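Protein chains in written order, with numbering that gives the first Met the number 0: chain A, 0 to 286; chain B, 0 to 337.
Any given hint might turn out to be false.
[Claimed, not checked] Residues from chain A shown here face chain B by an in silico Cβ test under 7 Å; the list is partial: (1) R18; (2) A29; (3) S38; (4) L41; (5) S48; (6) F51; (7) I54; (8) A100; (9) Y104; (10) T119; (11) P123; (12) F127; (13) L133; (14) V263.
Keep in mind that the hints were calculated from the coordinates and are not lab data.
Note that the coordinates shown come from a computational prediction; the quantities given were computed from them, not determined experimentally.
Backbone N, C-alpha and C fix where the C-beta goes; we use that ideal spot for every residue, glycine too.
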Amino acid sequence: MPRTAVSPSAPPRSFVWTRRIVLSFLTAFALLPVYVMLSSSLKPLQEVSGTFRWIPSGLTIRPYIDIWHTVPLARYFLNSLIVAGAATMLSVVIAVFAAYAVSRYRFRGKRVFTVTVLSTQMFPGILFLLPLFLIFVNVGNSTGIALYGSRGGLILTYLTFSLPFSIWMLIGYFDSIPHDLDEAAMVDGCGALGALFRVVVPAAVPGIVAVAVYAFMTAWGEVLFASVMTNDTTRTLSVGLQGYATQNDIYWNQVMAASLVVSVPVVAGFLLLQRYLVAGLTAGAVK
Amino acid sequence: MTVTVTERRTDSAAGGESVGKGEARGRLPRIPDRIRRGGLPYLLLLPAVVLELLVHLIPMVMGIVMSFRQLTQFYIRNWGEAPWAAFDNYQVAVDFDAPIGVALLHSFYVTCVFTVIAVGLSWLFGVAAAIMMQENFRGRGLLRAVFLTPYALPVYAAVITWAFMFQRDNGLINHVLHDQLGLTDEPSFWLIGDNSFIALVVVAVWKSWPFAFLILMAGLQNIPRELYEAAAIDGAGIWQQIRRITLPSLRPVNQVLVLVLFLWTFNDFNTPYVLFGRTAPEAADLISIHIYQSSFVTWNFGSGSAMSVLLLLFLLVVTAVYLLVTSRSSRGRRSADA
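Assemble the whole structure, with the sequences as input and the hints as a guide.
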């Protein structure tokens, strides 16, 4: 990644000190919940229910064992994985085709399509939730196809946010790839689809990865649709985690342990792929 | 976009020698878009169009129809039979002398104030971090990963942790403010009452400033470094360079960023829902939760749909005005760097 040096000489002390103060504050702000999550997940219930302590007095890994029994965490995990994974794959594949058409061809209705895709991104999820809920219930009634409460139905609702974003980002990314590249491939005898898969897609890997990471993260963290569209067996992590907070007690140490466990895969994946994300955003959104 | 029917390109196959007149721009054959009479672009778009219809357009039309009906829980299984209500739902929603209208207006007001504060702070933190991190120094890569962590954490896991931190008796916030610093006479409630607004803003800013940082960092990479070098030769210090070069150059990025942050923050459901549950305290009653509550808690879908449509109209107007104003103010600028 290219680095731009602001000034050839060393920055003045006023800047260095301001930088230290600002960056320290932001580091503390960013990491405070992470520290709380980690330290509280290692405390016994008795300690986590009392006054907060910065340093745990008795360390235990008990919460990490109990989380799997208090609620069916493994099942929620699997549900989240299936739903977020399928929604990501589906929207990325479909978006690749659509973005290629928009980026490379001139055709009637192109503007209507792009404007529609762009504008649906700004609409609140709640706007689509109510009708989709009713559609699912009614489809289930009249045809017996269970969309409401099923993973398939949830995957479909997740396309409301992942599809427009993926299409929009990939159009920008494909535009940044020289058209000469795939035109040359077509000259060499590739069909349009051949040019797409042999030239454009390989050249757009950073953009596609960025879009996939983003779509997966959003789906993994989604709460609104999951809270309405799931039942006991299809519940995802975002709703399932509330299960630790029932009855009279909230098992805060288990809540924190479970939060950490469900965060590790996405945070690790994100940090590994963040270079792609920055590169993808640069080409796709920030021109 | 108008479609001009042009003859199919054959020139490149023939050796790329000549192009249709008017297309040649003094370089090798280069046509921005391929023009086809065939249906290939439509075929490529088909899956996307079908799904867009399914998840966006049909629900949207249905939502508008629903808003004109008296749609309660009795009609969920057969919503087509719900009685016609004409504009009743809208009238109730904007009747600011009656409880529902008053609550909606209050919720709208809370959401506006919340959005302005949260977007402003997120942008401020993001721009400060991006500028401070523009120049290389030891630990910069690590710090960037740290700053992006709140963005990467799943919302519910992160917000549930904040909810724990804001607990009255066993939370970190009261421990610091009351036990350690002695700033309050007794431990405060943060998730109920007036303080809930502060808690909501803190969590929302924590969640969204890394996104501003990410976008602005990407934007900073497009500023040519010659600008800084020229400024340095002319004797401009680092603060002057930030004010005269960095901030103006970020303008187009900021225009997009602020709009996106506005829409996300205004529509945010996840944060208040995980922090407060299905019913938010009055001081932090964001519009998305409010509509959710009137739809799925009191089971009045007609009224909820009417509120959704009003919200949509508001967002459309704000976005249109914003785009109009920002595109006008940056027109000269854009033609300069194109």
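Going through the hints against the structure:
no.: 1; hint: R18; in the structure: holds (5 Å)
no.: 2; hint: A29; in the structure: holds (5 Å)
no.: 3; hint: S38; in the structure: violated (10 Å)
no.: 4; hint: L41; in the structure: violated (14 Å)
no.: 5; hint: S48; in the structure: holds (6 Å)
no.: 6; hint: F51; in the structure: holds (4 Å)
no.: 7; hint: I54; in the structure: violated (12 Å)
no.: 8; hint: A100; in the structure: holds (4 Å)
no.: 9; hint: Y104; in the structure: holds (4 Å)
no.: 10; hint: T119; in the structure: holds (5 Å)
no.: 11; hint: P123; in the structure: holds (4 Å)
no.: 12; hint: F127; in the structure: holds (5 Å)
no.: 13; hint: L133; in the structure: holds (5 Å)
no.: 14; hint: V263; in the structure: violated (10 Å)
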